[in-house]
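These protein sequences, in sequence, are chains A and B. Counting with my numbering, you get residues 1 to 84 for the letters of the first sequence. Counting with my numbering, you get residues 1001 to 1256 for the letters of the second sequence.
Keep in mind the hints are simulated off the structure, nothing from the lab. Where a beta carbon is used, it is the ideal one built from N, C-alpha and C, also for glycine. Treat each hint with caution, since some may be false.
Label-pair ranges, simulated between beta-carbon atoms [what the hints assert, rightly or not]:
no.	chain 1	residue 1	chain 2	residue 2	range
1	A	R28	B	F1132	19 to 27 Å
2	B	S1098	A	D74	54 to 62 Å
3	A	N77	B	R1135	33 to 41 Å
4	A	L26	B	S1058	22 to 30 Å
SDA-like, lysine to any residue: derived pairs with alpha carbons at most 25 Å apart [stated by the list, open to error]:
no.	chain 1	residue 1	chain 2	residue 2
5	A	K20	B	I1133
6	A	K11	B	H1129
7	B	K1163	A	Q18
8	B	K1163	B	Y1076
9	B	K1163	B	G1122
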Amino acid sequence: MPRIVVDVMPKPEILDPQGKAIVGALPRLGFDAFSGVRQGKRFELTVDGEVTEEILAQARTAAETLLSNPVIEDVVNVEVVAEA
Amino acid sequence: MSSNEIPLIGDYSTPDTALSGARIGVVSFPGTLDDRDAARAVRLAGAEPVALWHADDSLGDVDAVVIPGGFSYGDYLRAGAIARFAPMMSRIVDAANSDARLPVLGICNGFQILTEAHLLPGSMIKNDHLKFICRDQVLRVENNSTTWTNQYGIGQEITVVLKNQDGQYVADEKTLDALEAEGQVALRYVGWNPNGSRRDIAGITNAAGNVVGLMPHPEHAVEAGYGPTTDAGTHTGTDGLGFFASVLSTLVGGTK
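One chain only, chain B, in its complex shape (with noise of 0.2 Å):
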C-alpha cells in the first residue's frame, strides 16, 4: 500500500519510507472494517504495512501479520467461521506454527477468525447483555512476554476502544485454568467486564507468545485526535500504539 492510499486524518507527517525496514501484511476479507485503520497503526510504528487478500495464497515476504476487525462475510454462521477457510487463513496458520513463528494479531474480528481457525483456544459468542457496544476500555496486561505486548509493562493498564456484539470469551473450565496456569491471558477487562467474558478475559496468546488475538482495538488507539478519552484530554489515548511497537521491536532484534 502506498502512502497516498491512506486517508488524510491527523497529523500526516509520518515518514513516508518505514523506519524499520519491516513489513507487516494485513489482511482484508470481504467485510473486513479496520484494515486501513490497522495499516495506518503499523505505519505510524515505523514498519511498512502490506495489504493482503483473502482470497491470494501467498504471505509474499511480510514479517508478520495483522488481521483486523469488521464483520467478515457478515458475520454470517459464526463471527469468523466461514473467513477461517480462506487460502490467505491457511498459509497464516501454516506460518505461525512452523519453525519461523510468524507474529500474528488478530483484533476482534481478527480474534474471532483465529478461534475458528483453531490458532487459539475458545470461542466468543454474543454478549451477555445482547447489545452491540462501543466504548473505551481499560485493560490490564497480564502477560507482557508476547511477540505482540512485550513493550507494555506486567500489570500495566492501558484504555484502548471496544465495540463489538460478539465479544463474549468462552472455553471450557479446563481450558480457561490452562490459559491461567501457562499465563496465556494476556490482556483482562478492567473496572467491569463489557461482555460477559470468562474470567474477564480480553486477549489470549498462543504458547509460544507469536500469536495474540484481542476483542478491544488497539489500532484505534494510536494517534492523538483520534484515540479514547484520558485525562490528557479529549481523544489524546495512543495506548494501543504499544502493540505495533512490540512486534517491531522483536522483528527487529530490540531489548525493552
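Extracted from the complex, chain A is given alone in its bound form (with noise of 0.2 Å):
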C-alpha cells in the first residue's frame, strides 16, 4: 500500500533543545564531523489504495493542522512513497 511521508522540522529560529543534546553527545563517541543537529519528525499515513490529488490535499492539510505547529514548526516534506 502506498504511504504519503511528511516532515515536519522545529523552525530555524526555535532552538530546539533535543538536537542540541544529541550534538553535545555526538563526540564523546567519536564523531567530530558535525557542528550541528536539529531534530525533526517523520510522519509516514499509509493509503489504502490510490493517492488521489484530493488524499494528498487531505494529507497536506492534516499536516498543516494537526501534524505540525506552524508556531514553532515547518512542515518541510509531503511526498508519496510507493510500496517497496
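Bring the two chains, given one by one in their own frames, into a single complex with the hints.
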C-alpha cells in the first residue's frame, strides 16, 4: 500500500533542545564532523488504494493543522512513497 | 461533582454548598492528572466545581472553566496537540471568544492546550535543560487586571509549584514584543528561569483578559499542609488561591 510521508522540522529560529543534546553527545562517541543537529519528525500515512490528488490534499491539510504546530514547526516535505 | 467524591485531605471543614453560587467547570481529558486538585481549589475558593468530559459537546451552565494539568493523550505528537481537537475544546474556544467572554484558565498541560487551540499565542517546547522539573517556584504578577489575577497586587511575588518537562515558552520576537506592549505577560519567573522560557514568561493572558494560561500550578498551593514551603513553615503556602478568588470576584461582581 502506498504511503504519504510528512516531514516536520522545528522552525530555524526556534532553539531545538533535543538537537542540542544530540550534538553534544556525538563527539563523545568520536563523531567529530558535525557542528549542529536539529531533530524533526517523520510521519508515514498509509493509504488503502491509490493516492489521489484529493487524498494528497487531505494529507497536506492534516500536516498543517494536526501534525505540526505552525508557531514552532514547518512542514518541510509531503510526498508519496510507493510500496517498496 | 458531589463533595463526597473529593479525597479526604487536610482541613475538611469546607462547606458542602458553594458560598458564591458560581459554577466552575474542570475539564478532564484522557491523561489529565490534576482535575481533582483543580476541583478542590475551586471548592476551597467558594465555588461549585463541575466535572466536564472532553468528549461532551456542551458546557452546561458553567460560569468559568479550568483546563487542568497532566499529560493529555500522553503528550504524544506535541503537548496538548490532540486534546485541542476535543468537542469540549470547540465549545470552550467559542465561549471564550463570544461576547460573554467565558473565563478560561489553563494550567500546565491546560496552557499547552490553549496555545495549540490558538486561544493564546506562542507555544511550549521542551525545557532547555531537557529534564522534568518539580520545585516551588516564585512568580511575579505582571498584570493584575485579568479575570484570574485581579486579587493579586501588581508586582506581587507568589510561590506555587512548578512541574513539567515541556515548559519552555516560545514565540517569535514580534509576538513577544506585542505581548509586552499590551501587558499580556501575566506572570514571570523570579530568581531563576526554570526552563528557558523567553523573557522569563510563566503565564500570559489574551487581550480581553478572560483567558489566562500558565505553566506553574496554583491549584497545588491552596491549602495549608499541602502547599509550597514558605517562611511561615513547611508546606504552608496558599498563594495559588488568588487565581480562583479572582475569577469568583469577577463572577459575583466583587471589587478589589
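Query - Distance restraint between K11/A and H1129/B, which requires alpha-carbon spacing of 25 Å or less - result: holds, 19 Å
Requested in this report: Please test the hint of 22 to 30 Å on the beta carbon pair from L26/A and S1058/B.
Outcome: Given a distance of about 52 Å, which is not inside 22 to 30 Å, the answer is violated.
Report task. Could you tell me whether the CB distance from S1098/B to D74/A stays inside 54 to 62 Å? Result -> Once the Cβ atoms are compared, 33 Å apart, the range 54 to 62 Å for D74/A and S1098/B is violated.
Query raised in the report: Holds or violated: are the alpha carbons of K1163/B and G1122/B at most 25 Å from each other?
Result: Roughly 20 Å separates the two Cα atoms, so the pair holds.
Query raised in the report: Cβ-Cβ distance between N77/A and R1135/B: within 33 to 41 Å?
Result: holds, 40 Å
Report task. With respect to the beta-carbon atoms only, verify the hint that R28/A and F1132/B lie 19 to 27 Å apart. Result -> Once the Cβ atoms are compared, 23 Å apart, the range 19 to 27 Å for F1132/B and R28/A holds.
Query raised in the report: If you draw a straight line from the CA of K1163/B to the CA of Q18/A, is it 25 Å or shorter?
Result: holds, 19 Å
Report task. Would you check the hint for K20/A and I1133/B, treating anything up to 25 Å between C-alpha atoms as holding? Result -> holds, 19 Å
Query raised in the report: Holds or violated: are the alpha carbons of K1163/B and Y1076/B at most 25 Å from each other?
Result: holds, 18 Å
Hint compliance for this structure: hints 2, 4 are not met, and every other hint is.
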